[in-house]
Amino acid sequence: MLKKIFPVLILLGVAFLFVKYMSASESKKRFIKHLLKQVQYLPGRYFA
Amino acid sequence: MSDYDAIIIGAGLGGLACGAILAKNGIKTLICEQANGCGGCCSSMEQDGFKFDIGPSVVEFKWVWDVLFEKLRRRTSDYIDFIEIDPIYSFITSDGKRFSYQADLNKTRKTIKMLSEEDARGWDRFADTGSVMADIFFKSSMFSPMMTVFDMILFGMKNPMLSFKLKYVFINFESALKSFFKSEAVRSSMGMHAYYLGLPPALCPGYAVFLCYTDHEGLHYPRGGMVSIPKGIEKAFIEENGEIRYGEKVEKIITDGKRATGVKTASGEEITANVVISNINAKTCYLELIGRDKLPRWAVKAIESYEYSFANPNLMLGLKGEIELDAHHTVCHSTVDDMNRAWFDYCMKGKIPDRGFMLLSCPTIEDKSLAPENHHCLNIVTVAPYRLSGGKDWDHIREEYVESRIDIVEKEFRLKLREKIVTAKLNTPKDFERMLLQPEGAIFGLQFDNMSSMVFRPRIRSGAVKNLYLVGSSTHLGGGTPTVTASGILAADIIMREKFNA
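These protein sequences, in sequence, are chains A and B. The numbering of the first sequence is the numbering used here, which starts it at 94 and goes up by one. The numbering of the second sequence is the numbering used here, which starts it at 26 and goes up by one.
Just so you know, the hints here were simulated from the structure itself, not pulled from any lab data. The beta-carbon is built from N, C-alpha and C at its ideal position, and this holds for glycine as well. Don't take each hint at face value.
[As the list claims (entries may be wrong)] Capping the alpha-carbon separation at 30 Å, the derived lysine-lysine pairs in DSS-like fashion look like this: (1) A:K130 x B:K192; (2) A:K122 x B:K53; (3) A:K113 x B:K207; (4) B:K207 x A:K126; (5) B:K445 x B:K345; (6) B:K183 x B:K164; (7) B:K53 x B:K260; (8) B:K326 x A:K121; (9) B:K374 x A:K122; (10) B:K132 x B:K441; (11) A:K130 x B:K203; (12) A:K121 x B:K207.
[Unchecked claim] For the chain A half of the interface with chain B, some residues (derived, Cβ under 7 Å), not all of them: (13) S120; (14) R123; (15) F124; (16) H127; (17) L128; (18) Q131; (19) Y134; (20) L135; (21) G137; (22) R138; (23) Y139; (24) F140; (25) A141.
Work out the full structure: start from the sequences and follow the hints.
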């Protein structure tokens, strides 16, 4: 049962975040974009 | 056998603080400084009898130096004479109106009430939250090394209130301001604090908004100019038999593959040490002094990913006669939108903003010794890009830039300057780069946001190179005179514990 619900919950979560992002102000979008573009570097930054 | 126990590259605040504590503990320490005086970004320059600050112009968290001098078994007041600044900020609006924020919270409340009745209540909430946030973010974190996840967990456990205030980590500065203040005038008066982290209000993390509160816990200026702070620490360092070489540029950090073993100077001398401490920009330290070829590829990629904070051209004017300012700091009022626009529509496109942020700093209001009698020093600090579009170069637009800034101050903010100017000097981002070796003239070092702070900022103990430690604005704690000094204290404590069993 959990196996079936889990992907649906994930999808719902992603959809919720997407809607939240789309309805955010330009300022908030810029802030989120600014942070997201750096996520890929976090492991390297942590260990350097 | 090494020549020294510790070599420090750079006599900035972080390097000096670290060196002074090490020397106090009997560690044979050498500081190599490329310039002919100490202080780095926190120094002053003289011209025609005027003494101008080239970087920061006031200090918050004066107690950081008390912690330092306590470790040195000395009294701060014997080395640095701090003058309290009040009012902490004055503002001039484009229609010539003026208002000031006093250090006293109630007096500031009255000023805010004149701007907006509703925001006076917002100020009460802001001050209550600010006092909690000041304890968590600006006091407890000041001496937490934050090198690993465990340090962060420990920090969270020591500061349980943090969990109630986490939202300010995940929203931006602009949203945090809006959650307390409705009036554009009030929000604008506090927007410029985002620039203290090298970012505009839209990109700066929300917790930085409480710097507007911590100003009220005391803003100070060292008598004799900002350089008096590094000079005070330098004096203590020399008293403890520390050695400083001025005009000694370090070109390379020598490694034996994995660990730092010393430095090579521009004159070709190789000096060995058990520990190397870098007080220069972390990107320069890793990518140039150590070298890309000596670092693992993942480390090079991580270090390259850091962005520099923006540059602050500083126009220094020596003025004769009285000045129409009543505070050390006067902010030419601009909206939060203007501040964001200055970044996104101008700086990011290589253009010089026509408005957005302009700080007038007049230290001679408190300290008359900086200028001849009946004269004043005035710094006009703005934000601007390092790289200019349209083939322009900072070296070729000096005159144009100076005239345009004076025009803005005279026409928009109705201050008479031109007729009073006795001497003028402009430090462009390129000048900062040449003078201080700060890449791109980024006087705040690296940008400071959630993805480049705490464990994600270049750490005090290098993870990539053993025996290498970093202090200064581009490492943990970020830019700012107290935080940079604290990074030096933190580094000294870690080095003493890890390398010298003290």
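Hint numbers the structure violates, sorted upward?
-> Result: hint 2 breaks, nothing else.
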